[in-house]
Amino acid sequence: MQSKTRILIIHDMPLQTYRVYDYNELAGRGYEVTGGYFYDQERDMPVQLRFKPLPLYRKKIIGFTYLSNFKDINFDDYDVIIVAPNFRVINFFKLYQKKYCHKVILWGHMKGHDTNNSFASWYRKRLCKQYKSIIFYESATKQEYEDAGFDERNLFVANNTQFVDNKNIDLGKERHDFIYVGRIQDRKRVDVALKAYKQIKERSNDPYLRFLVVGGGDCETLKQLVSEDQIKDVVFTGAIYDENSLHDIFSNAIAYVSPGHVGLGVLQAIGHGVPVITCQGQPHAPEVINCNEENSIMPPMTIEDVATAMWKLYSDKVLQKKMSRAAYDYYNENCTIEIMIDGIEAAIKHLLNDR
Numbered sequence: 001m002q003s004k005t006r007i008l009i010i011h012d013m014p015l016q017t018y019r020v021y022d023y024n025e026l027a028g029r030g031y032e033v034t035g036g037y038f039y040d041q042e043r044d045m046p047v048q049l050r051f052k053p054l055p056l057y058r059k060k061i062i063g064f065t066y067l068s069n070f071k072d073i074n075f076d077d078y079d080v081i082i083v084a085p086n087f088r089v090i091n092f093f094k095l096y097q098k099k100y101c102h103k104v105i106l107w108g109h110m111k112g113h114d115t116n117n118s119f120a121s122w123y124r125k126r127l128c129k130q131y132k133s134i135i136f137y138e139s140a141t142k143q144e145y146e147d148a149g150f151d152e153r154n155l156f157v158a159n160n161t162q163f164v165d166n167k168n169i170d171l172g173k174e175r176h177d178f179i180y181v182g183r184i185q186d187r188k189r190v191d192v193a194l195k196a197y198k199q200i201k202e203r204s205n206d207p208y209l210r211f212l213v214v215g216g217g218d219c220e221t222l223k224q225l226v227s228e229d230q231i232k233d234v235v236f237t238g239a240i241y242d243e244n245s246l247h248d249i250f251s252n253a254i255a256y257v258s259p260g261h262v263g264l265g266v267l268q269a270i271g272h273g274v275p276v277i278t279c280q281g282q283p284h285a286p287e288v289i290n291c292n293e294e295n296s297i298m299p300p301m302t303i304e305d306v307a308t309a310m311w312k313l314y315s316d317k318v319l320q321k322k323m324s325r326a327a328y329d330y331y332n333e334n335c336t337i338e339i340m341i342d343g344i345e346a347a348i349k350h351l352l353n354d355r
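Residue numbers (this note's numbering): 1 to 355.
In case anyone wonders, no lab produced these hints; they're calculated from the structure. Please note: incorrect hints may appear among the correct ones.
Here are the computed distance ranges between Cβ atoms for each label pair [what the hints assert, rightly or not]:
1. Gly149 to Thr221: 46 to 56 Å
2. Gln224 to Gly149: 44 to 54 Å
3. Lys99 to Asp248: 45 to 55 Å
4. Ser315 to Val235: 16 to 26 Å
5. Ser315 to Trp122: 49 to 59 Å
6. Asn353 to Asn252: 40 to 50 Å
7. Glu152 to Ala120: 16 to 26 Å
8. Arg126 to Asp354: 17 to 27 Å
Computed cross-link-like contacts, DSS-like style, restricted to lysine-lysine with a CA-CA straight-line distance of at most 27 Å [what the hints assert, rightly or not]:
9. Lys71 to Lys129
10. Lys71 to Lys167
11. Lys129 to Lys111
12. Lys198 to Lys322
13. Lys98 to Lys71
14. Lys111 to Lys60
15. Lys321 to Lys173
16. Lys4 to Lys59
17. Lys125 to Lys349
18. Lys322 to Lys312
19. Lys4 to Lys111
20. Lys71 to Lys59
21. Lys98 to Lys129
22. Lys99 to Lys52
23. Lys99 to Lys111
24. Lys98 to Lys132
25. Lys4 to Lys232
26. Lys322 to Lys167
27. Lys4 to Lys60
28. Lys142 to Lys99
29. Lys321 to Lys167
30. Lys125 to Lys94
31. Lys132 to Lys4
32. Lys173 to Lys322
33. Lys173 to Lys99
34. Lys111 to Lys142
35. Lys99 to Lys317
36. Lys98 to Lys111
37. Lys232 to Lys312
38. Lys317 to Lys173
39. Lys52 to Lys94
40. Lys232 to Lys321
Where is the CB? At the ideal position from N, CA and C, for every residue including glycine.
Could you build all of it, start to finish, from the sequences and the hints given here?
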């Protein structure tokens, strides 16, 4: 009997729930998968792991990361190694050596944290030239590499996404909440969302209308804002990871509102059939490419413009349902875990066939 192809995936982050679904899907296709991740704490996962977890213990060294047990990995044990090309992780440079090019696939944003660093951009592209399979989070960056002279046959897209079990979502349900779901960070500009919501709440005089802030982090500044500005019916739930609870929250949402930076939260929202309101001209993550005029509204970054967008969805039920359906359909047609892993599997097969 032919043995399974052994795949090691090493990402430059703690093990997140959405990555569990990625690795499980790949393992379900007949691969023997080991998932490496930065260890921070034990986490309860919503599903059983179908892959072997490999915690990596990190130390910070002047802005860089060193993985103390990376040296214990025997890379000869794996047929394919998929790694995030993060230059701030010192140990990863071992896999950038030419002797590993026949089994290494790069997977990530392929831009780095500072996209304006011209030297890092030049070095990244120079390094990537030696690899036969590179996976991008979205097609725009892939096109940049094609324009830079990369062979299109070696470039693949696996749209970064969140798993959403949306088979039983009722898109016609009456909805009463605006929501923000994610870590509480200044760059998200939840303060702008709350100030805009205040205008909607006062204008509507709707006793059922609420704004739910769902996420971990320091909420004290936002709570003080709500108190001082007397913004009614704002609920801070704290972090929620239970999928059933999150499903209930999204199912009751008129829109997901994050005026500032958005990333994977966009996928979680549209997967539940929830339109997105975020602002143009912000330093968004590449996942913002999934926001279009059918499933999202992207006003300028002002309280008044965000409030106008919120009122538009709140007051026009026909538009609300139309955009909800568009979001739901877009996710199912472009952003499921299965579609994402199709891109990763294509890169794996290309590498193995080329070898």
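Verification of the supplied hints:
1. Between Gly149 and Thr221 the beta carbon distance is about 47 Å. The supplied range of 46 to 56 Å therefore holds.
2. Roughly 53 Å separates the CB atoms of Gln224 and Gly149, a value that falls within the hinted 44 to 54 Å.
3. The hinted window of 45 to 55 Å between Lys99 and Asp248 holds, with their beta carbons roughly 51 Å apart.
4. At roughly 22 Å, the beta carbons of Ser315 and Val235 sit within the given window of 16 to 26 Å.
5. Under the hint 49 to 59 Å, the C-beta atoms of Ser315 and Trp122, about 50 Å apart, fit the expected range.
6. Checked against the hint of 40 to 50 Å, the pair Asn353 and Asn252 passes, with Cβ atoms roughly 48 Å apart.
7. Between Glu152 and Ala120 the C-beta distance comes to about 24 Å, which sits within the given range of 16 to 26 Å.
8. For the pair Arg126 and Asp354, the beta carbons lie near 21 Å from each other, so the given range of 17 to 27 Å is met.
9. Taken as a hint, the Lys71 and Lys129 pair is honoured in the structure, with Cα atoms around 26 Å apart against an allowance of 27 Å.
10. Taking the CA atoms of Lys71 and Lys167, the gap is near 44 Å; set against the 27 Å cutoff, the hint is violated.
11. Distance restraint check for Lys129 and Lys111: the Cα-Cα separation of roughly 15 Å lies within the 27 Å cut-off, and the hinted pair is therefore satisfied.
12. Annotation: proposed proximity of Lys198 to Lys322 holds, straight-line Cα distance about 25 Å (limit 27 Å).
13. Distance restraint check for Lys98 and Lys71: the Cα-Cα separation of roughly 18 Å lies within the 27 Å cut-off, and the hinted pair is therefore satisfied.
14. Pair hint Lys111 plus Lys60 holds up; C-alpha atoms about 22 Å apart against a cutoff of 27 Å.
15. A threshold of 27 Å between alpha carbons decides the hint, and for Lys321 with Lys173 the separation of about 9 Å falls inside it, so the pair holds.
16. Straight-line distance between C-alpha atoms of Lys4 and Lys59 comes to about 34 Å, which puts the hinted pair past the 27 Å bound.
17. Under the criterion of a C-alpha separation no larger than 27 Å, the hint pairing Lys125 with Lys349 is consistent with the structure, at around 23 Å.
18. Distance hint between Lys322 and Lys312 is fulfilled; the C-alpha atoms sit about 12 Å from each other, no more than 27 Å.
19. A distance of roughly 32 Å separates the Cα atoms of Lys4 and Lys111; the hinted pair therefore is violated under the 27 Å criterion.
20. A distance of roughly 14 Å separates the Cα atoms of Lys71 and Lys59; the hinted pair therefore holds under the 27 Å criterion.
21. Between the alpha carbons of Lys98 and Lys129 the distance comes to roughly 11 Å, so the proposed pair stays at or under 27 Å and holds.
22. Among the hinted pairs, Lys99 with Lys52 is consistent with the structure: their alpha-carbon atoms are about 25 Å apart, no more than 27 Å.
23. Proposed proximity of Lys99 and Lys111 is supported: the alpha carbons are some 24 Å apart, at most 27 Å.
24. Under the criterion of a C-alpha separation no larger than 27 Å, the hint pairing Lys98 with Lys132 is consistent with the structure, at around 12 Å.
25. As the CA atoms of Lys4 and Lys232 are separated by approximately 57 Å, the hinted pair breaks the 27 Å bound.
26. About 18 Å separates the Cα atoms of Lys322 and Lys167, which keeps this hinted pair within 27 Å; it holds.
27. Among the hinted pairs, Lys4 with Lys60 is inconsistent with the structure: their alpha-carbon atoms are about 36 Å apart, more than 27 Å.
28. Between Lys142 and Lys99 the CA atoms are separated by roughly 25 Å; this keeps the pair inside 27 Å, and the hint holds.
29. Annotation: proposed proximity of Lys321 to Lys167 holds, straight-line Cα distance about 17 Å (limit 27 Å).
30. Restraint check for Lys125 and Lys94: satisfied, since their Cα atoms lie roughly 17 Å apart, inside the 27 Å limit.
31. Simply put, Lys132 and Lys4 have alpha-carbon atoms about 21 Å apart, close enough for the 27 Å limit, and the pair holds.
32. Only pairs whose Cα atoms come within 27 Å are accepted, and Lys173 paired with Lys322 is accepted, the gap being roughly 13 Å.
33. In summary, the hint linking Lys173 to Lys99 is not supported, as the alpha carbons are separated by about 57 Å, beyond the 27 Å threshold.
34. With a C-alpha separation of about 11 Å, the suggested pair Lys111 and Lys142 falls inside the 27 Å cut-off, and the hint holds.
35. Straight-line distance between C-alpha atoms of Lys99 and Lys317 comes to about 59 Å, which puts the hinted pair past the 27 Å bound.
36. Between Lys98 and Lys111 the CA atoms are separated by roughly 21 Å; this keeps the pair inside 27 Å, and the hint holds.
37. Between the alpha carbons of Lys232 and Lys312 the distance comes to roughly 20 Å, so the proposed pair stays at or under 27 Å and holds.
38. A threshold of 27 Å between alpha carbons decides the hint, and for Lys317 with Lys173 the separation of about 11 Å falls inside it, so the pair holds.
39. The straight-line distance between the Cα atoms of Lys52 and Lys94 is roughly 22 Å, inside the 27 Å bound, and the hint therefore holds.
40. The hinted pair formed by Lys232 and Lys321 meets the criterion: a straight-line CA distance of about 26 Å does not exceed 27 Å.
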